[in-house]
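Chains as they are written, first to last, in my numbering: chain V, 1 to 172; chain L, 1001 to 1197.
Hints are computed from structural coordinates only; laboratory data are not their basis.
No experiment lies behind these values; they were computed from the predicted model shown.
Don't take every hint at face value.
Example chain L residues on the side facing chain V (calculated, C-beta under 8 Å, incomplete) [to be verified]:
| no. | residue |
| --- | --- |
| 1 | Asp1015 |
| 2 | Leu1031 |
| 3 | Arg1186 |
With beta-carbon atoms standing in for the labels, derived distance ranges [as the list claims (entries may be wrong)]:
| no. | chain 1 | residue 1 | chain 2 | residue 2 | range |
| --- | --- | --- | --- | --- | --- |
| 4 | L | Phe1157 | V | Arg19 | 56 to 62 Å |
| 5 | V | Arg19 | L | Lys1010 | 17 to 23 Å |
| 6 | L | Ala1189 | V | Ala137 | 51 to 57 Å |
| 7 | V | Glu8 | L | Leu1048 | 24 to 30 Å |
| 8 | V | Gly133 | L | Arg1115 | 21 to 27 Å |
| 9 | L | Ala1111 | V | Ala137 | 42 to 48 Å |
C-beta atoms are modelled at their ideal positions from N, C-alpha and C, and glycine is treated no differently.
So you can see what is in the structure, the chains are spelled out below.
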Amino acid sequence: MDAESRDERCVRMLQEHDRSLRRLAASYERDPARQEDLVQDIWFAVWRALPQFRGDCSERTFVFRIAHNRGVSHIDHWQRRRTDVLDEEAPIAAPGPDPEHSLSQQQRHERLRRAVQALPLSMRQVVVLTLEGLTNAEVAEVLGITGNNVAVRLTRARAELSRLLGAKKDPS
Amino acid sequence: MSTDNDVDLKQWATDWQAAPYDVESAEQIRLYVKQRTGLFWSFAVADLLVAGIALPVLVYLGVSSPRQTEQMAMLSLASLTVATVMFGWWNRRGVLRSSATTIADYIAISAERLRRMRMALRIGWIVLAAELILFSIWIWDRVYSGARTVSPGEIRFAWSWLAGFTLLGAFGLIKFGRWLNRDAERFEALKRELERD
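One chain only, chain V, in its complex shape (with noise of 0.2 Å):
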């Protein structure tokens, strides 16, 4: 791969899967400048990482395995330093007062990202990448667990993110 095509693939790769992994980065960090952070360090190992790809998974799983990886690194490093990152330790958002028809997409959009970014890291990364279009499948091949894990993490988040929202009924 020559140096200008890495470029274009990476600038049109970009502008595939920019918005979603800005929403992947919302889920890993809270401080917006972090996040930027975040989302650059992902794309820097995109490009890094792009003349290893051989297309044996799609551009989507390889750009979320990577941010991913890069994801779960960020908590790694910020857990030492800090207590507001959003790892497994994180305060649970309290359910907003009004009811879920009545609220606007984007402050719909507000309710789930703080509820997303409540649940433990596990259940996290599954219901993020569910909520970003990805099968089960990819799902698993993103986050190396098998099939049925990443169900089990599903049924459970679904359950999590129903009760944070104030949802009506239990999934189980």
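Starting from the structure of chain V, add chain L where the hints point.
Using the frame of chain V, we list chain L on its own:
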């Protein structure tokens, strides 16, 4: 798994993906500027490399040749090489840096780089034409001046070499021009997005 939960998940996915992030384009232009900086530096190094190899050869041929036409052709080519390198460095003044403090700076540096590359492309065509003329004079002098006997094979080789050299140069410039157009489109799209934000 209940249908209600599927509905919940679909609704959540819709809400999740509706996030407004207006810094996206800003990051893209930063990345774009960084990538192009590498390209500009590689052009600068390539210029010096080509000049470093060609210049001594041209000057040597110009100085050591007993024939006046050959001296003129070789020293003109050497001067052309020096002028091209000097133009290249002048044309890259102020746009080799990769960092800026504001998005407007990133846009300005990118627009300026595109303008400079377009200028370099135009100069590239002029340099190619000048080289074609000078090499033609040189080959004509060596082949047809009667100073020595030249076989038909040597004549064919000389003109074929010039044709090949010219075609290669023209091909490179056409490719560069096309790439430049694509790059300009990409930049314009980024700029529009930033201006919309």
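Each hint tested on the structure:
| no. | hint | in the structure |
| --- | --- | --- |
| 1 | Asp1015 | 4 Å, holds |
| 2 | Leu1031 | 7 Å, holds |
| 3 | Arg1186 | 7 Å, holds |
| 4 | L:Phe1157 - V:Arg19: 56 to 62 Å | 58 Å, holds |
| 5 | V:Arg19 - L:Lys1010: 17 to 23 Å | 19 Å, holds |
| 6 | L:Ala1189 - V:Ala137: 51 to 57 Å | 34 Å, violated |
| 7 | V:Glu8 - L:Leu1048: 24 to 30 Å | 26 Å, holds |
| 8 | V:Gly133 - L:Arg1115: 21 to 27 Å | 41 Å, violated |
| 9 | L:Ala1111 - V:Ala137: 42 to 48 Å | 45 Å, holds |
Consistency note: the structure conflicts with the earlier hints numbered 6, 8.
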